[in-house]
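Trainee: Chain B: place on chain A using the hints.
Number of protein chains: 2
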Amino acid sequence: MCTIYEIAKRCGVSTTTVSRVLNHHPYVSEEKRQHILQVMKEMEYTPSSAARTLRSHQTKTIAVSVPAVDHPFFAQLIKGISKEALDQGYKAIVLQTFYQESLELEGLQLLKRKEVDGVILGALENKWEKIEPFLSNGPIVMANEYHQTADIPIIGYDEREAAYKAVDYLIRSGRKSIGFCFDTESSEAQKQRRKGYLDALSAHGLPLNEDWLFGEAFTIEDGFRLMDLIHGMPDTPDAIFTGNDQVAAGLIKRAISYGYQIPEDLAVIGYDNQDICEVTAPTITTIDIPIVELGQRSVQQMIQLLQDQKPLQRDHIQLPTRLVTREST
Amino acid sequence: MCTIYEIAKRCGVSTTTVSRVLNHHPYVSEEKRQHILQVMKEMEYTPSSAARTLRSHQTKTIAVSVPAVDHPFFAQLIKGISKEALDQGYKAIVLQTFYQESLELEGLQLLKRKEVDGVILGALENKWEKIEPFLSNGPIVMANEYHQTADIPIIGYDEREAAYKAVDYLIRSGRKSIGFCFDTESSEAQKQRRKGYLDALSAHGLPLNEDWLFGEAFTIEDGFRLMDLIHGMPDTPDAIFTGNDQVAAGLIKRAISYGYQIPEDLAVIGYDNQDICEVTAPTITTIDIPIVELGQRSVQQMIQLLQDQKPLQRDHIQLPTRLVTREST
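Just so you know, the protein sequences line up as chains A and B, in that order.
Each residue of the first sequence is one higher than the one before, starting from 1321 at the first, in the numbering used here.
Each residue of the second sequence is one higher than the one before, starting from 1321 at the first, in the numbering used here.
For reference, chain A alone in the conformation it holds in the complex (with noise of 0.2 Å):
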């Protein structure tokens, strides 16, 4: 790739007239600047980025930072928030951390660097007085994680109310001894939906059983995982709210092979409304979120936030969930 210095050799000119072409800059007569632009075109010259941004202070590029690209639920979010992006005119890169705080962090510094011009964080590995002193770089905006004092655009849906919903619904149905699973005990959502879990057990006098708490929670993997420990258990639970449509998917098919009738003798909902939900059998009730949607917002908020330079401020937008039941309760 040639560089401003060959255009400038080529048309007998200084460095510093063709940056100023290149830089829309006055005191270069029409002729001289109509000649560069033609040397450039000839010389297929583009402008390197990294030179770009050092005059513009702008990549156009927004970070995702999500735990792991392979879980169904930030593949969609991700989708959502590149499709939106493109169509503002901006580039999502992704960032996976691998449920470790190092690697948030570490993502974070292309904030620091002026790599990106803002992140949005699918989750929160770390606490948040970690991340808040990044916010002098650069704008962030939470997507699907809750935190209760950042100043920040959080984007997300009522996490207790969706838990209220599905555990009322079981134990409408019947349900007595309902089992919660979870992924990490640090997050915040995390800590929105057991206390949805609890507040729906509390509502119709039913007693919490330690037991059937159940963490670690992420794939279909782990449902096997959960199933094998349940089978063991002396007082098993009736139903189970597993926070994930994978889990549920694991856990119901295991628990087939051990000859339980689902629903009778263990109702399951999922979380998420994922499309596993309608090729298991039975299929599987779950919480539908509307994870594009989710995506989407996050980057609008980010974008008010780039081009209008408006301060930082604390903004919870909670998007509508839906319980859709199906063949598991």
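Simulated from the structure, these hints should not be mistaken for lab results.
Predicted model, so just to flag it, every value in this text is computed and none were measured.
Beta carbons are placed, not taken as given, at the ideal position from N, Cα and C, and that holds for glycine.
Heads up, some of the hints might be wrong.
Unchecked claim - Within a straight-line C-alpha distance of at most 27 Å, the following computed DSSO-like cross-link-like pairs (lysine-lysine) qualify:
(1) B:LYS1329 with A:LYS1434
(2) A:LYS1434 with B:LYS1403
(3) B:LYS1329 with A:LYS1403
(4) B:LYS1403 with A:LYS1399
(5) A:LYS1380 with B:LYS1450
(6) B:LYS1411 with A:LYS1399
(7) A:LYS1329 with B:LYS1432
(8) B:LYS1403 with A:LYS1450
(9) B:LYS1403 with A:LYS1380
(10) A:LYS1450 with B:LYS1380
(11) B:LYS1329 with A:LYS1399
Stated by the list, open to error - Which bits of chain B does chain A cover? Going by a derived footprint, with three or more residues having C-beta under 8 Å, they are:
(12) 1393-1404
(13) 1491-1499
(14) 1570-1584
(15) 1599-1606
Mentor: Same frame as chain A, now just chain B:
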């Protein structure tokens, strides 16, 4: 964020001197160097990425171009690529083409503008002739996709042999009317796979029924649609090689709703060996592909090209695939 000018001012030196320290240039006394480094630390100076890129001409970033991150195959390929890149000190940026030629070319502009060091193509939307010119800007490696003449590293598996294996297995189990699903006709990988299907039919003296070739098969939803189509045919196949686990899952679910016995009335084979194969009823026979290894190997090839500055040349690596038999056959 403070700039090189502020550092220079505080130290009472010229920006040239600060720049020399940043670039490990000689002609700066050790005492002065230490003082400047100390001030940089105190003022929390981070050299901007754009400025560093201009100096080093390396972004330490690899772009991965895929049609859609929400397809499980590509999600896992990205995971493999990102992990390996991370281990080797590189970042992976994910680009989505949404199966569009123009977006694939737009992604390659990153290479032209030197925003990334190299590009790994997980699919190919354009004709190779449109991609080839970008090689003058940096290396391109193909992972999963295939091309007969491209002079670049191609890491994949023998699609013809994998398809042959699946169809041969169906025929040896007594099936005589075997359908075949594909996604797009243009893909070289898909052409190889179809060749395997045709070769297996021909090796067993079975004729091809063109009505049993089904295109645009990507998702669970497509599986539903194709089963509706098949169910309405006067002459239905007794087995389908779907080329995709999602399509297989949708097809099986819908076939059962029509009263088919699987595999008695219709045997089904998927492709990829995704988790979903283990939670459907019946579970799905499929072709196992070493997706994570595919991602790792493509990054290793890319980094060799970047670090050794070796000239690009054709290299075709084929990883082994495996038929995994389950209840759907």
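Trainee: Going straight from one Cα to the other, do LYS1380 (chain A) and LYS1450 (chain B) come out at no more than 27 Å?
Mentor: holds (25 Å)
Trainee: Check the hint pairing LYS1403 (chain B) with LYS1399 (chain A) against an upper bound of 27 Å on the C-alpha distance.
Mentor: holds (20 Å)
Trainee: Would the hint linking LYS1403 (chain B) and LYS1380 (chain A) be met if the CA-CA limit is 27 Å?
Mentor: Cα-Cα ~25 Å, so holds.
Trainee: Tell me if the straight-line CA distance from LYS1411 (chain B) to LYS1399 (chain A) falls inside 27 Å.
Mentor: holds (20 Å)
Trainee: Holds or violated: are the alpha carbons of LYS1403 (chain B) and LYS1450 (chain A) at most 27 Å from each other?
Mentor: Distance of about 24 Å is within 27 Å: holds.
Trainee: Decide if the proposed pair is consistent with the structure: LYS1329 (chain B) and LYS1434 (chain A), CA atoms, cutoff 27 Å inclusive.
Mentor: holds (23 Å)
Trainee: Take a quick look at whether LYS1434 (chain A) and LYS1403 (chain B) sit within 27 Å of each other, Cα to Cα.
Mentor: holds (23 Å)
Trainee: Are there three or more residues in the region 1570-1584 of chain B whose C-beta lies closer than 8 Å to some C-beta of chain A?
Mentor: holds (count 4)
Trainee: Hinted pair, alpha-carbon criterion (27 Å max): LYS1329 (chain A), LYS1432 (chain B). Please report holds or violated.
Mentor: Given pair LYS1329 (chain A), LYS1432 (chain B) holds - Cα atoms ~22 Å apart, limit 27 Å.
Trainee: Mind taking a look at whether chain A covers the region 1599-1606 of chain B? Criterion is 3 or more residues with CB to CB distance under 8 Å.
Mentor: holds (count 3)
Trainee: Within a Cα-Cα threshold of 27 Å, do LYS1329 (chain B) and LYS1403 (chain A) meet the stated pairing?
Mentor: Not OK: LYS1329 (chain B) and LYS1403 (chain A) at ~45 Å, beyond 27 Å, violated.
Trainee: Is the straight-line distance between the alpha-carbon of LYS1329 (chain B) and that of LYS1399 (chain A) 27 Å or less?
Mentor: violated (47 Å)
Violated hints, in rising order: 3, 11 and 13; the structure is consistent with all others.
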